[in-house]
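Number of protein chains: 2
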Amino acid sequence: MTVPETTAPFRFPVAGRYAGMASSPLKSIFDLAAAAGVVSFAGGIPDPELFDLGTVTAAYDWVLSHQGSRALQYGVSEGEPELRVQAARRVSRTLPTDASQIRVTSGSQEGLFVVAEALLEPGDVVLVESPTYLAAVQAFAVHGARMVGVATDDDGVDPAALEEAIRTHHPRMVYLIPSFQNPTGRTMPLERRRAVAEVLLRHEVPLIEDDPYGELSFTGVVMPPIASLPGMAERTLLLNSMSKLMSPGVRIGWIRGEGPVLETLAVAKAAISMQSSVVDQLMVARYLETAELDAHVRTVSAVYRERRDALAEALAPVLPAGAHVTRPEGGMFLWAALGEGYDAQEMLADAVAAGVAYLPGWSFFAEDPDRSTMRLSFVTHSPAVIAEAIGRLGEVIARHGGR
Amino acid sequence: MTVPETTAPFRFPVAGRYAGMASSPLKSIFDLAAAAGVVSFAGGIPDPELFDLGTVTAAYDWVLSHQGSRALQYGVSEGEPELRVQAARRVSRTLPTDASQIRVTSGSQEGLFVVAEALLEPGDVVLVESPTYLAAVQAFAVHGARMVGVATDDDGVDPAALEEAIRTHHPRMVYLIPSFQNPTGRTMPLERRRAVAEVLLRHEVPLIEDDPYGELSFTGVVMPPIASLPGMAERTLLLNSMSKLMSPGVRIGWIRGEGPVLETLAVAKAAISMQSSVVDQLMVARYLETAELDAHVRTVSAVYRERRDALAEALAPVLPAGAHVTRPEGGMFLWAALGEGYDAQEMLADAVAAGVAYLPGWSFFAEDPDRSTMRLSFVTHSPAVIAEAIGRLGEVIARHGGR
Numbered sequence: 001m002t003v004p005e006t007t008a009p010f011r012f013p014v015a016g017r018y019a020g021m022a023s024s025p026l027k028s029i030f031d032l033a034a035a036a037g038v039v040s041f042a043g044g045i046p047d048p049e050l051f052d053l054g055t056v057t058a059a060y061d062w063v064l065s066h067q068g069s070r071a072l073q074y075g076v077s078e079g080e081p082e083l084r085v086q087a088a089r090r091v092s093r094t095l096p097t098d099a100s101q102i103r104v105t106s107g108s109q110e111g112l113f114v115v116a117e118a119l120l121e122p123g124d125v126v127l128v129e130s131p132t133y134l135a136a137v138q139a140f141a142v143h144g145a146r147m148v149g150v151a152t153d154d155d156g157v158d159p160a161a162l163e164e165a166i167r168t169h170h171p172r173m174v175y176l177i178p179s180f181q182n183p184t185g186r187t188m189p190l191e192r193r194r195a196v197a198e199v200l201l202r203h204e205v206p207l208i209e210d211d212p213y214g215e216l217s218f219t220g221v222v223m224p225p226i227a228s229l230p231g232m233a234e235r236t237l238l239l240n241s242m243s244k245l246m247s248p249g250v251r252i253g254w255i256r257g258e259g260p261v262l263e264t265l266a267v268a269k270a271a272i273s274m275q276s277s278v279v280d281q282l283m284v285a286r287y288l289e290t291a292e293l294d295a296h297v298r299t300v301s302a303v304y305r306e307r308r309d310a311l312a313e314a315l316a317p318v319l320p321a322g323a324h325v326t327r328p329e330g331g332m333f334l335w336a337a338l339g340e341g342y343d344a345q346e347m348l349a350d351a352v353a354a355g356v357a358y359l360p361g362w363s364f365f366a367e368d369p370d371r372s373t374m375r376l377s378f379v380t381h382s383p384a385v386i387a388e389a390i391g392r393l394g395e396v397i398a399r400h401g402g403r
Numbered sequence: 001m002t003v004p005e006t007t008a009p010f011r012f013p014v015a016g017r018y019a020g021m022a023s024s025p026l027k028s029i030f031d032l033a034a035a036a037g038v039v040s041f042a043g044g045i046p047d048p049e050l051f052d053l054g055t056v057t058a059a060y061d062w063v064l065s066h067q068g069s070r071a072l073q074y075g076v077s078e079g080e081p082e083l084r085v086q087a088a089r090r091v092s093r094t095l096p097t098d099a100s101q102i103r104v105t106s107g108s109q110e111g112l113f114v115v116a117e118a119l120l121e122p123g124d125v126v127l128v129e130s131p132t133y134l135a136a137v138q139a140f141a142v143h144g145a146r147m148v149g150v151a152t153d154d155d156g157v158d159p160a161a162l163e164e165a166i167r168t169h170h171p172r173m174v175y176l177i178p179s180f181q182n183p184t185g186r187t188m189p190l191e192r193r194r195a196v197a198e199v200l201l202r203h204e205v206p207l208i209e210d211d212p213y214g215e216l217s218f219t220g221v222v223m224p225p226i227a228s229l230p231g232m233a234e235r236t237l238l239l240n241s242m243s244k245l246m247s248p249g250v251r252i253g254w255i256r257g258e259g260p261v262l263e264t265l266a267v268a269k270a271a272i273s274m275q276s277s278v279v280d281q282l283m284v285a286r287y288l289e290t291a292e293l294d295a296h297v298r299t300v301s302a303v304y305r306e307r308r309d310a311l312a313e314a315l316a317p318v319l320p321a322g323a324h325v326t327r328p329e330g331g332m333f334l335w336a337a338l339g340e341g342y343d344a345q346e347m348l349a350d351a352v353a354a355g356v357a358y359l360p361g362w363s364f365f366a367e368d369p370d371r372s373t374m375r376l377s378f379v380t381h382s383p384a385v386i387a388e389a390i391g392r393l394g395e396v397i398a399r400h401g402g403r
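Chains R and Z are the protein sequences, given in the same order.
Here our numbering is used: the first residue of the first sequence is 1, the next is one more, and so on.
Here our numbering is used: the first residue of the second sequence is 1, the next is one more, and so on.
Incorrect hints may have been included.
[Stated by the list, open to error] Here are the simulated lysine to any residue pairs, SDA-like style, with alpha carbons at most 25 Å apart: (1) Lys27/Z / Tyr74/R; (2) Lys27/Z / Asp294/Z; (3) Lys27/Z / Ser100/R; (4) Lys27/Z / Val205/Z; (5) Lys27/Z / Pro81/R; (6) Lys27/Z / Leu262/R; (7) Lys27/Z / Val39/Z; (8) Lys27/Z / Gln73/R; (9) Lys27/Z / Gly54/R; (10) Lys27/Z / Pro260/R; (11) Lys27/Z / Glu82/R; (12) Lys27/Z / Val38/Z; (13) Lys27/Z / Gly259/R; (14) Lys27/Z / Arg70/R.
In case anyone wonders, no lab produced these hints; they're calculated from the structure.
As the structure is a prediction and not an experimental result, all values here were calculated from the model.
This is chain R alone, in the form it adopts within the complex (with noise of 0.2 Å):
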């Protein structure tokens, strides 16, 4: 055989929709943020102090020992029944919902991509809050999606530009975090939930409900999804996930739907990946039949709590005039605008040489980002960490207020 002798190395042809996206700005980012010495408020990352151990443990003996055969094997599409049974239950608790309503997926990002790839047509518009989660935004821009940034106040999205922006741009879809928003941490109020399911509804447009964050509350108040509102359960596709309330390692998730879709969804869900993991699904199953998970959950949060107050208090004094600070009622993320004149990307590498990271803001917006905002996560660090972190921070902060 006779290799030809070429003198330049074999290079694989990549999509034209990831060549652009072979060095993420953002995993640089997360690089700096992890090295060494350096406080980080980047990443959503769960203190694994606070994860419920024993009783995942617990239930994976459980599953191999009861079921260990089935759970080695060949699962289905549509996720094991149990599971679907348990998140039924849960879902049921604000929405009426059957185990036939649920579709499993590998984590919240393959919920997303599975319902990408089984709605989106390249050219389609998504409408998405400005500013919005990141990783959603990839999994529908690769499917040749173009975002459109719907402009937000501290209620969420603003009904009126949420509608005005349905009728310019026809969107295939609304992508909406209603609950502790990733990135600013805010939560629609019921009134502004009803205003925007009654501009959905007259639109005929449906909606991707994203609701990670929503049992995360730190003041008891859970608030029902927008999906159980009045007429819109059947045009809402409602995403969960176990990765904030039990585990972001073992990526289990579901997608609650209505009608010809889950069918739709689970021939998408069979095409990425056949199946999730049958036994982290079990594990999950006799999980959530067994744990004390609303007991976990209020543990966690008050927790978080106790973080988010220290944050809030660090960062009060090191704001400038003019800066704008969410105060978030649950969840793992609160953002902070500095104002005119600020640029948190260019401000990072000093942030980092002083021991502190965050994510810059401008990742985060469809279009016309605000360069000024920051994100940062609260459920990481300890109060004293935090307190000690962000006064650092503040210097970085009061050394680039003069530029």
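With chain R fixed as given, assemble chain Z onto it according to the hints.
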């Protein structure tokens, strides 16, 4: 809030590429095959009696008690380091591989989808064996690729036909399953692998080499992948899976590649599912480190060989003159072409009525299906069950012979 009065229920818009796939013909076949009292040869379902459940359970136990917090935490899109080291060690038996060249996927299906996502543009041609594995075809088809089948003989794909197809169709890539192919069970001898590599090298066409069955050898001979031939490593993405060697329920596989495409594969994987289950990845790493996997695979292969023998012996007297049947030297599947006048799809209802099911072969052809073909998996049932069921299938074949 007013709900618009519409008589028709809301229907989610579905992407065109899935519109025709809403009710898969195979799903109804598998539903038929799963009926009570039917001995099914349709799926490639391992006998659960052969699972190495004790070792798998011990590996989960070890991970949860030694790496519990990490196992429940976020991981990385490339895959957990320990698993990549173990995968590289295993691949290196035939192809020197560093852990950095491994990308972990949630089973081979996600591996194929990640590859399609990273490489394929709508309208691209993918050359495939005729017949080939239909779930791979689906992963490529939903990316808008057009599959072109290349003629095969008992030694696999025909190099002259491959070269002709490359000249005619300018494919983006070639997809092959060289060892114990699905659906035929055929294996390409080394000479044929060399000839195929030469064609691919001459035309600079990348190879997607799918090798989930190669170690399930009945002769002790495990063929080196085409990727290991001179010049081929850098232009091949080699896919392996633990599904056939350890457990399909755990959904762990990997892609072995070289160069910049590795980065694109990681970005695509992140968009699709962020990362595979960290618990499952660490468990497989521990399993590969501690289990006597080669001995386990020998045990499983010995049982499969007996069953292959039972199936081949039972089939020989009941096949019509002029039928062609493969005699696989490993893997899970045997392929029979009944020949002129037979339609395996049409015959299936009678077969199921007689209590036996198989997979009609037409669906494995990208074009010009031979409708007289059927795929039979020999891994699920004992020799006695196989003999009895194939006897009944023989009566059905005989009844269809005169049509």
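Hints, one by one, checked against the model:
1. Lys27/Z / Tyr74/R: holds, 15 Å
2. Lys27/Z / Asp294/Z: Given pair Lys27/Z, Asp294/Z is violated - Cα atoms ~34 Å apart, limit 25 Å.
3. Lys27/Z / Ser100/R: Distance ~17 Å between Lys27/Z and Ser100/R Cα, so the pair holds.
4. Lys27/Z / Val205/Z: violated, 34 Å
5. Lys27/Z / Pro81/R: holds, 17 Å
6. Lys27/Z / Leu262/R: Answer holds: Lys27/Z to Leu262/R is near 15 Å, not above 25 Å.
7. Lys27/Z / Val39/Z: holds, 17 Å
8. Lys27/Z / Gln73/R: holds, 18 Å
9. Lys27/Z / Gly54/R: Roughly 39 Å separates the two Cα atoms, so the pair is violated.
10. Lys27/Z / Pro260/R: holds, 16 Å
11. Lys27/Z / Glu82/R: holds, 21 Å
12. Lys27/Z / Val38/Z: holds, 16 Å
13. Lys27/Z / Gly259/R: holds, 18 Å
14. Lys27/Z / Arg70/R: holds, 20 Å
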